Amino acid sequence: MDAAPAMVAIVLVTVATLALGAYGLRLSRTTSDFMVASRAVGPRMNASAISGEYLSAASFLGVAGLLLTFGADMLWYPVGWTAGYLVLLVLVAAPLRRSGAYTLPDFAEARLGSTAVRRACSLLVVGIGWLYLLPQFQGAGITLSSAVGGPDWLGSLVVGVVVLLNVTAGGMRSITLVQAFQYWLKLTALLVPAAVLLMVWLGDGRPGATTPAGDTFPGDVVAWSDPLAAGGPQGLYLTYSLIIATFLGTMGLPHVVVRFYTNPDGRAARRTTLLVLVLIGFFYMIPPVYGALGRVYAPELAASGSDSLVLELPGLMLGGLGGQVLTGMVVGGAFAAFLSTSSGLAIAVAGVLSQDVFTRPWRGRRLSGVTGFRAGAVVAVVVPALVALSDSDVGVATTVGLAFAVAASTFCPLLLLGIWWRGLTTAGALAGLLTGGLGSGLAALLTLYTTQNDGWLDVLLRRPAAWSVPLALLVMVVVSLATRRTVPTHVTRFMVRLHTPEAVALDRG
Amino acid sequence: MARKGEVDADTRLGGVYVGSLLREQLWLAVRTLALLVVTIGSLPVVFHVAPGLASVRVGPVPVAWLVLGVASYPLLVVLAWRYIRSAERNEAAFAELMDEVER
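Those sequence lines, one after another, are chains A and B.
Anchor point for the first sequence: position 192 equals 192 in the working numbering, and the numbering is continuous, going up by one each time.
Anchor point for the second sequence: position 82 equals 82 in the working numbering, and the numbering is continuous, going up by one each time.
These are calculated hints, taken from the structure and not from any lab test.
Hints may be right or wrong, so weigh each one.
Label-pair distances were calculated between CB atoms; the ranges are [as the list claims (entries may be wrong)]: (1) A/P207 x B/T39: 21 to 27 Å; (2) A/G232 x B/G19: 43 to 49 Å; (3) B/R85 x A/P264: 15 to 21 Å; (4) A/L445 x B/G15: 41 to 47 Å; (5) A/L474 x B/R23: 33 to 39 Å.
None of these values were measured; they are calculated from a predicted model.
Heads up, the beta-carbon is just placed ideally off N, CA and C, and yes, glycines get one too.
Let the hints inform the model, and build the full structure from the sequences given.
Below, the structure written as structure tokens:
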């Protein structure tokens, strides 16, 4: 692939991101600005920013590639990622905003009054954040090496450096602007080439799919169009476990929750979520076009690494200047995807690290809020960037799916029970977090570092959500009931705060 | 005592007011989620039980791609919009209840 248009696109996106970030730096002053943009963000801007942040490398590249290789049952990734927002809306949006907490550990501590739970939540936020950042860096490596021909680690390095600069310079405020811009950039970058390539396909006379040699490709259109993973009951389990992980995991993602607090009140939080549903739903209608065209024009990619499908298809289908321009667009969009999601995640993880680790007094001294945040940002970015350097065969969307599984198994039960049930206790929360965290964490490690075999045990361990989420929920409930004497005394006041509309003048503690 | 006072003082009656709002909202959430499960969430089972559906086409496009890949998103938006309307209605009713003065 000719490197020039890709290089131009990458440089443009990077420069634009940094420029917007620098503009944001002029606006941010205090730590509060750093952390939650001083609540001065309107719903449309907020919704664009949330969507921009949410649409990661997995959405931009991974889904299309998976659709090419495995067919319609991979649609559960984008549908799940969208439905997760509906679940978040009905169960969590307004109460979480009303709780007034900045982060998930904040919420846990406000609800239960326990620093132990807070620490456990902080650990989980960092873990989930790293698990989600890892595929972003991997995706950046793939993009750069496929587009420009450099080594894989170069992409990770570039994204890591740009994200670090952006986050440490401007914090939350600049990121809001950047994210909002990047949603529209990503949408255009994916939509326009898709439309053009569709016209090319029509112009070619609507060719059908050709089947290459080799058995990794589902040549059978019927199997490819079945929204169910192959393998009978195992396939049904895999599909439903994915559904559970994605539907219930969104509410537990650190970069999603953090952006909620920029809404002025509970009602605005709900409406913003509705807008997000519209924006990301519209976006997710586009990757299937690439998947379907890939079957016709690039079937060999299904075996060799489908994450690069979106990057390579324009060049394969359309030669000359047109192909180059389109390639530049998708590369730019992919890069925007890594930058925006990585920035959002880095902020969320840095925020937690700075509150719970770096601004604690150590040997009589303490870092200022802003310095602590910057230290947190370095840790948040460097660790997954380093891990991304190790060669992993696991696709980008699959790794993101793991982050969802962990979030669904830990924070979902905590939020659900914390918001809707008076009876949650500290012991119950800790027990549930431990159960869910261990179960899904083990699955993540297995998926990343071992090869797959076909037994039921392996299937259960790799897609744990179907059992780890209910198990964590059960443990939380049972242990809370067993320790019911330790229910915090301020619960009623807290419930009033979470559920009653702000306009009613009640004592919210 | 005014109803807000009941809630602030954490009396049994206050607990009933808040508890009923909470239950109303929770029930609304459960109904919405049940709709989600029954529509989109039932698709894998439906295709498992009737595998012939995978070869049905609407025009040139197999039906699974249309239903899951296109139609599910507007459905989610509609569910969300209806939920918000009902949730805000519940909250408005609660606010009215709180504002009424006992005679």
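**Prompt:** Checked against the structure, which of the hints given earlier come out wrong?
**Reply:** Those not satisfied are hints 1 and 5.
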